[in-house]
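Engineer: Based on these hints, arrange chain B with the ligands on the given structure of chain A.
Protein chains in written order, with our numbering: chain A, 222 to 446; chain B, 214 to 464.
No wet-lab data here; the hints were simulated from the structure. Warning: the hint list may mix true and false statements.
Stated by the list, open to error - Here are some chain A residues pointing at chain B (derived, C-beta under 7 Å):
hint, residue
1, E345
2, S346
3, A349
4, L350
5, Q356
6, T357
7, I362
8, F363
9, P364
10, Q365
For every residue, glycine included, the Cβ atom is placed at its ideal position computed from N, Cα and C.
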Amino acid sequence: MQALGLEVLFKGTNFIRLLGGLGVALKISLLAVLISIPAGILLGTLMTASNPVIRAILRLYLEVMRIMPQLVLLFLVFFGTTRALGWDLSGETSALIVFSLWGTAEMSDLVRGAIISIPKHQYESAAALCLTLPQTYYHIIFPQALRRLLPLSINLITRMIKTTSLILMIGVVEVIKVSQQIIEANRMSSPNAAFGVYLTVLLLYFAACFPISMLARFLEKRAEI
Amino acid sequence: MSEKVLTLRGVVKEFEGQTILDGIDLEVEKGEVVVIIGPSGCGKSTLLRCINALEPIQGGEILLQGSPVKAGDKNLPVLRQKIGMVFQSYDLFPHMTIMDNITLAPRKVHKRDKAEVEREAAELLSRVGLADKAKSFPRQLSGGQKQRVAIVRMLIMHPEILLFDEVTAALDPEMVREVLDVMLELAKQGRTMIIVTHEMAFARAVAHRMIFIDEGRIVEEGKPDEFFESPKTERARNFLNMFRFQPASRS
Ligand SMILES: Nc1ncnc2c1ncn2[C@@H]1O[C@H](COP(=O)(O)OP(=O)(O)OP(=O)(O)O)[C@@H](O)[C@H]1O
Ligand SMILES: [Mg+2]
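So here's chain A without its partners, still in its complex pose (with noise of 0.2 Å):
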């Protein structure tokens, strides 16, 4: 125990506080989850669009979005808007900003590819059979996309729940920042706490995540069919 430096995580509410930390963490991921589904079948939809301006607006703003860290992107939103906008947004607003920007994003290129997955004569049997274009995308294209899309956007959740390891640098309190208080604190008397805590870390995220993707797989196998 002394060597793993463990015992830190028995002293006092050491280990409730690693749990709220990743509390923290997954609060902001699934907020941003929640915002980035709806929003990006929207942007992912027109990205499908004939519209060529539209086509290439979002083109842009997928592009920044992947080409730019997140941690960039983070100082940018909290930092960059307090000076140059005069706003004074709170650390796990700033990051529940950029993480539903981000998802979006990667969202729409994922229901793009989606949609355009879906066979040309899907759409023309749908005009044959006088559906509306909405009636189309509704019953039709949609539904079909949603099978190939479901494992996919799971990634995406355990890519950004482990992603948010990078708000600690704005100064939100999660998982990661709550680690480095405990050793801090305990580093007079378990100088092995690093070892330890951060052990614990990797299991807990570990935890969340693993159930996460044998879903996703799950939904992958069944997607085949």
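Structural biologist: Leaving out everything else, chain B with the ligands in the frame of chain A:
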């Protein structure tokens, strides 16, 4: 005088500057079965797709019972309900049961009552020998069964004219017959039909009129017996010869 269902006048279709249909004139009367044949790439599918306004045309006009059929026209949804089409590829909706495949359009487009549509669907399914497949999914059906469902899905919209684009071309040989039989039955009922096919024996049996297209033009047309016995044009003769089995001569 017999009633004209469909009239094509000088229909021109271009793809990227290439002329695919080069002035097609065609009249189809009520109850008439017109069979179109011609070499691959001559524009048969394109012609059917233009009639259904899946492709816009660059010249001429298409009239359905006197009203112009035009891609993008606001009248199109109403007119198109009178045109039924079955494609070569099995194009059922894979995520729906056979029953839902058939009843979706009448319920959403015609706003018909679910129970009533399902009764008609069940009746049509049993007529094509698929009464027990209502709850199956398309992936559980053979190619021939899927095409029969596609025909039922079209019939339940009560179209005035039926378009068939090589509906047996992608089928294994033993399944071709069951689909052709359904089409023969429809012809017997006096349906107006335009059929594109490579099944020459079937064409001769079902057609009231044969049309031979080459390079986007109608090269020859006539009664099936005359057309198959003594084609007037060289091109039709050559085309029909490809379908005659000629044993290699042994010297
Ligand atoms: N969307 C398209 N864009 C460009 N060219 C096309 C398009 N669709 C068809 N064509 C061309 O139009 C010509 C006629 O095609 P069509 O599919 O009508 O032929 P077909 O007579 O049905 O042939 P097949 O017997 O092989 O089905 C071909 O040369 C084809 O390459
Ligand atoms: Mg064709």
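Engineer: Hint by hint, note whether the structure agrees.
Structural biologist: Status of each hint after checking the structure:
no.	hint	in the structure
1	E345	holds, 6 Å
2	S346	holds, 4 Å
3	A349	holds, 5 Å
4	L350	holds, 4 Å
5	Q356	holds, 5 Å
6	T357	violated, 10 Å
7	I362	violated, 10 Å
8	F363	violated, 10 Å
9	P364	holds, 5 Å
10	Q365	holds, 5 Å
When the structure is compared with the earlier hints, violations turn up for hints 6, 7, 8 and for no others.
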